[in-house]
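Protein chains in written order, with my numbering: chain L, 1 to 236; chain G, 1 to 236.
Honestly, the hints are just simulated from the structure, not real lab data.
Predicted model, so just to flag it, every value in this text is computed and none were measured.
From the three backbone atoms N, C-alpha and C, an ideal C-beta is built for every residue, glycine too.
One should not assume that every hint holds.
[As the list claims (entries may be wrong)] Some but not every residue of chain L turned toward chain G, in silico, with C-beta under 10 Å:
#1 V29
#2 L136
#3 R139
#4 P147
#5 A173
[To be verified] Below 30 Å or equal to it, Euclidean Cα-Cα: the simulated DSBU-like pairs (lysine-lysine) are:
#6 K7/G <-> K142/L
#7 K169/L <-> K7/G
#8 K121/G <-> K121/L
#9 K60/L <-> K169/G
#10 K177/G <-> K60/L
#11 K9/G <-> K37/G
#12 K169/L <-> K60/G
#13 K169/L <-> K142/G
#14 K142/G <-> K195/L
#15 K177/L <-> K142/G
#16 K53/L <-> K169/G
#17 K7/G <-> K9/L
#18 K177/L <-> K53/G
#19 K169/L <-> K169/G
#20 K142/L <-> K177/G
#21 K53/G <-> K169/L
#22 K121/G <-> K169/L
#23 K177/G <-> K53/L
#24 K142/G <-> K9/L
#25 K142/G <-> K121/L
#26 K53/G <-> K142/L
#27 K195/G <-> K142/L
#28 K37/G <-> K142/L
#29 K121/G <-> K9/L
#30 K177/L <-> K177/G
#31 K169/G <-> K121/L
#32 K60/G <-> K142/L
[Stated by the list, open to error] Not close to chain L: a few residues of chain G, all C-beta gaps over 10 Å, as computed:
#33 E40
#34 A111
#35 A119
There are 2 protein chains.
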Amino acid sequence: MYSYMTKPKAYLFDVFGTIVDWRNGVSDVSQRFFDAKNLEENPHTFADAWRAKYQPAMEKIRSGNRGYFPLDILHRENLDELLAQLDLTNAFSEEETQELNRAWEQLPPWADSVCGLEAIKQNAIIAPCSNGSIALMTRLAKFGSLPWDCILGAEIAQNYKPHPDAYSKSVSALGLKPHEVMMVAAHNSDLVAAKACGLMTGFIARPTEHGAGQTIDLEPTEDWDVVISEIGQLAQ
Amino acid sequence: MYSYMTKPKAYLFDVFGTIVDWRNGVSDVSQRFFDAKNLEENPHTFADAWRAKYQPAMEKIRSGNRGYFPLDILHRENLDELLAQLDLTNAFSEEETQELNRAWEQLPPWADSVCGLEAIKQNAIIAPCSNGSIALMTRLAKFGSLPWDCILGAEIAQNYKPHPDAYSKSVSALGLKPHEVMMVAAHNSDLVAAKACGLMTGFIARPTEHGAGQTIDLEPTEDWDVVISEIGQLAQ
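Can you build the whole structure from these sequences, using the hints too?
Here you go:
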């Protein structure tokens, strides 16, 4: 796979969608909260609606209209907004709402993620370059046994992907040059931004990230350095 | 051990001296470099002299007289200064000097460190709160199989211990309050600073950190929350 290129000294991974299944994870946790209150919300619709507020919330920060706040805060603001839209503002106590917001710390890894990361880790540094905070990524790693060497990404950069700082400052934090590092993601747009910063790129399709009817990111849209079907293939 | 206190949700560890044996590690790597050039420097004297430049270099940053630079840079500046003092400026090539500077990434853990950290990690977050950079701490962890959940400390805070930011910003990055976190160190001065920030404190003596004639930090100098003789005792 690497015959034509330098083997990366470090691999940075997108996490939500690439390493873990956020949609079923958020749905499972939300379902438990709805059941406890005899609410009949569809948990997948709820997860999708919560996630739909993700990019607009980060865009305020990326555009410079708001200082950096960790994703846990944005998730909570988005949750409050969503609950209000669904007339559920008073359905949960403050403590319960805080706990529901921790759904993002309890997302199951895709079946190939953990063993694949373990294999890559034998010969290179592995780290998330996610929009999740250090706190979120740390707890998510403990939940799913993700064997990161360190946590990089938005909080290190104090800005959100796909802002160039998120990639460049993560690379700098390792004392490496962009061409020594590969960004791995299930989202073509993430790789477009990483490539523009000089990183190598690896694409993996996650065709059910958005559920059965997914229409985006089913295929690589550019000539990425590698295209894999399981994370562990990067170790070969 | 914890009957009178809340069990910490996270443990932050000093690393140089507390988790790893920096003096023998730096000495071993330096010895290889001296041998290759038929130099008869005493490697322990060399390690001690290099380390002696550590606090003054950080003090310029803590005092606000210099912006934050990662410890790898300070180590390199101190190495160049030391080699000059020993009339060894031209003894090593630039590439060799860079490699010698990486001695700090190759420090052996004390015998109880790895298994102790593994045990604590089952029920709490573990992270370094060191003056080492993310790059340095990440590579040191790979060298010694230190199973950190994430890397905190000076680079997260953009300031060096014992400045309060180094502790407070590390705690904040976990989304925790200071009273939920314990700082563990072999240096009483580190714990004085952590305690002032509201953290719990744990002391472990490392009586040979500075060699056989060590005179400091042989005993706890204050009534720390816990005093241990092996890291794994914190898991009990």
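Each hint, compared with the structure:
1. Interface restraint check for V29/L: the shortest CB-CB distance to chain G comes to about 17 Å, outside 10 Å, so the restraint is violated.
2. For L136/L, the interface hint holds, the least distance from its beta-carbon to any beta-carbon of chain G being 8 Å, beneath 10 Å.
3. Annotation: R139/L was flagged as interfacial toward chain G, and the flag holds, the nearest CB pair being 8 Å apart, inside 10 Å.
4. Nearest Cβ of chain G to the Cβ of P147/L: about 9 Å, under the 10 Å cut. The hint holds.
5. At a threshold of 10 Å, the smallest CB-CB gap from A173/L to chain G is about 5 Å, leaving the interface hint in force.
6. For the proposed pair K7/G and K142/L, the alpha carbon gap of about 18 Å is at most 30 Å, so the pair holds.
7. Only pairs whose Cα atoms come within 30 Å are accepted, and K169/L paired with K7/G is rejected, the gap being roughly 35 Å.
8. Note on K121/G and K121/L: the hinted pairing holds, with a Cα-Cα distance of about 19 Å set against a maximum of 30 Å.
9. Annotation: proposed proximity of K60/L to K169/G holds, straight-line Cα distance about 24 Å (limit 30 Å).
10. Using a Cα cut-off of 30 Å, the hinted pair K177/G and K60/L holds, with the two alpha carbons roughly 28 Å apart.
11. This hinted pair does not check out: K9/G and K37/G have alpha carbons roughly 49 Å apart, beyond 30 Å.
12. Under the criterion of a C-alpha separation no larger than 30 Å, the hint pairing K169/L with K60/G is consistent with the structure, at around 24 Å.
13. For the hint linking K169/L to K142/G, the alpha-carbon distance of about 21 Å falls within 30 Å, and the restraint holds.
14. Taking the CA atoms of K142/G and K195/L, the gap is near 27 Å; set against the 30 Å cutoff, the hint holds.
15. Only pairs whose Cα atoms come within 30 Å are accepted, and K177/L paired with K142/G is accepted, the gap being roughly 19 Å.
16. At most 30 Å may separate the alpha-carbon atoms for a hinted pair to count; K53/L and K169/G meet this at roughly 28 Å.
17. Of the pairs offered as hints, the one joining K7/G and K9/L is violated, with about 38 Å between alpha carbons and a cut-off of 30 Å exceeded.
18. A distance of roughly 28 Å separates the Cα atoms of K177/L and K53/G; the hinted pair therefore holds under the 30 Å criterion.
19. For the suggested pair K169/L and K169/G, the alpha carbons sit about 18 Å apart, so the restraint of at most 30 Å is met.
20. A distance of roughly 19 Å separates the Cα atoms of K142/L and K177/G; the hinted pair therefore holds under the 30 Å criterion.
21. Taking the CA atoms of K53/G and K169/L, the gap is about 28 Å. The hint holds against a cut of 30 Å.
22. A distance of roughly 28 Å separates the Cα atoms of K121/G and K169/L; the hinted pair therefore holds under the 30 Å criterion.
23. As the CA atoms of K177/G and K53/L are separated by approximately 28 Å, the hinted pair is consistent with the 30 Å bound.
24. Restraint check for K142/G and K9/L: satisfied, since their Cα atoms lie roughly 13 Å apart, inside the 30 Å limit.
25. Straight-line distance between C-alpha atoms of K142/G and K121/L comes to about 9 Å, which keeps the hinted pair within the 30 Å bound.
26. For the hint pairing K53/G with K142/L, the CA-to-CA distance comes to about 38 Å; that exceeds 30 Å, so the pair is violated.
27. Between K195/G and K142/L the CA atoms are separated by roughly 27 Å; this keeps the pair inside 30 Å, and the hint holds.
28. The hinted pair formed by K37/G and K142/L fails the criterion: a straight-line CA distance of about 46 Å is larger than 30 Å.
29. Under the criterion of a C-alpha separation no larger than 30 Å, the hint pairing K121/G with K9/L is consistent with the structure, at around 27 Å.
30. Only pairs whose Cα atoms come within 30 Å are accepted, and K177/L paired with K177/G is rejected, the gap being roughly 36 Å.
31. Using a Cα cut-off of 30 Å, the hinted pair K169/G and K121/L holds, with the two alpha carbons roughly 28 Å apart.
32. At most 30 Å may separate the alpha-carbon atoms for a hinted pair to count; K60/G and K142/L exceed this at roughly 37 Å.
33. For E40/G, the non-interface assignment is confirmed: its Cβ lies about 32 Å from the closest Cβ of chain L, beyond the 10 Å cut-off.
34. Distance to chain L confirms A111/G as a non-interface residue, since its nearest Cβ pair spans about 23 Å, more than 10 Å.
35. The non-interface label for A119/G is consistent with chain L: the shortest C-beta to C-beta separation is roughly 15 Å, beyond 10 Å.
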